[in-house]
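Colleague: Taken in order, these protein sequences are the chains called V and G.
Read left to right, the first sequence gives residues 250 to 363 (our numbering).
Read left to right, the second sequence gives residues 34 to 148 (our numbering).
Hints in this document: simulated from the structure, not taken from any laboratory.
Beta carbons: idealized from backbone N, C-alpha and C, even for Gly.
There may be inaccurate statements among the hints.
Rough simulated footprint, nothing fancy, chain V against chain G, three-plus residues with beta-carbon under 8 Å [what the hints assert, rightly or not]:
id, segment
1, 48-61
2, 76-83
3, 133-142
Each pair of labels, with its calculated beta carbon distance range [unchecked claim]:
id, chain 1, residue 1, chain 2, residue 2, range
4, G, K95, V, S319, 40 to 50 Å
5, G, G73, V, L269, 13 to 23 Å
6, V, G346, G, S40, 33 to 43 Å
7, V, E315, G, R49, 44 to 54 Å
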Amino acid sequence: AQSVTQLGSHVSVSEGALVLLRCNYSSSVPPYLFWYVQYPNQGLQLLLKYTSAATLVKGINGFEAEFKKSETSFHLTKPSAHMSDAAEYFCAVIRGGSNYKLTFGKGTLLTVNP
Amino acid sequence: EAGVAQSPRYKIIEKRQSVAFWCNPISGHATLYWYQQILGQGPKLLIQFQNNGVVDDSQLPKDRFSAERLKGVDSTLKIQPAKLEDSAVYLCASAGTSGSQETQYFGPGTRLLVL
Numbered sequence: 250a251q252s253v254t255q256l257g258s259h260v261s262v263s264e265g266a267l268v269l270l271r272c273n274y275s276s277s278v279p280p281y282l283f284w285y286v287q288y289p290n291q292g293l294q295l296l297l298k299y300t301s302a303a304t305l306v307k308g309i310n311g312f313e314a315e316f317k318k319s320e321t322s323f324h325l326t327k328p329s330a331h332m333s334d335a336a337e338y339f340c341a342v343i344r345g346g347s348n349y350k351l352t353f354g355k356g357t358l359l360t361v362n363p
Numbered sequence: 034e035a036g037v038a039q040s041p042r043y044k045i046i047e048k049r050q051s052v053a054f055w056c057n058p059i060s061g062h063a064t065l066y067w068y069q070q071i072l073g074q075g076p077k078l079l080i081q082f083q084n085n086g087v088v089d090d091s092q093l094p095k096d097r098f099s100a101e102r103l104k105g106v107d108s109t110l111k112i113q114p115a116k117l118e119d120s121a122v123y124l125c126a127s128a129g130t131s132g133s134q135e136t137q138y139f140g141p142g143t144r145l146l147v148l
């Protein structure tokens, strides 16, 4: 069964520090991969997506993620954290042949300290 | 372009009562999804529609949950009767066709509290 593992349910960084949120997936078929962000009391907003084009994907708000098939990973990074980045981040995957069904990880809450 | 609309935003009911949520997808999007997001977890798919037909409802608790998408546009999700464990955020999402159907756009959600 398709699964997504997000390492660390809570990550805390200082403003200006590197943000690294980890995501590993299990799939025998190269997937579509996504990172979504959820601000308090809001829906999910797409940050970026991987669809088998470039392995380094750039998204909104300065975030990027690198698809590494050998490591089955799709970690999210941002060079310098901003207070406005504080939110919950979800990694998600679409397995081939699944009717584009999204499977989400449990989420990582990012806290940014001044 | 207007996003996915949902109403109400918040709902508080007592257990065994019924409740309904409404979703209006992005104009022209053929695929519509309902997700349940329990506190501290990622969203879980309840049902997927393609136009007005059901594609996947394998995780919908059909003894109490029902959903419809008449005319292939708006959709309603109903719970009857509600249980305490139904307290969650119910998210609606839609996706287009012709090369962009892998990207889902989410509404703001309806936060349900069952007392």
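Colleague: With a C-beta cutoff of 8 Å, work out whether three or more residues of the segment 76-83 of chain G approach chain V closely enough for the coverage to hold.
Modeller: Check passed, 4 qualifying residues.
Colleague: If you look at each residue in the segment 48-61 of chain G, do at least three have a Cβ nearer than 8 Å to any Cβ of chain V?
Modeller: With 0 residues close enough to chain V, the hint is violated.
Colleague: Verify the CB-CB distance for E315(V) and R49(G) against the hinted window 44 to 54 Å.
Modeller: holds, 49 Å
Colleague: Between the beta carbons of K95(G) and S319(V), is the distance compatible with 40 to 50 Å?
Modeller: Holds - the Cβ-Cβ distance for K95(G) and S319(V), about 42 Å, lies within 40 to 50 Å.
Colleague: A range of 13 to 23 Å was offered for this pair. Does it hold for the Cβ distance of G73(G) and L269(V)?
Modeller: holds, 21 Å
Colleague: May I ask you to test the hint 33 to 43 Å on the CB atoms belonging to G346(V) and S40(G)?
Modeller: Given a distance of about 34 Å, which is inside 33 to 43 Å, the answer is holds.
Colleague: Counting residues of the segment 133-142 of chain G whose CB is closer than 8 Å to a CB in chain V, do you get three or more?
Modeller: holds (count 9)
The structure fails hint 1 only (numbered hints given earlier).
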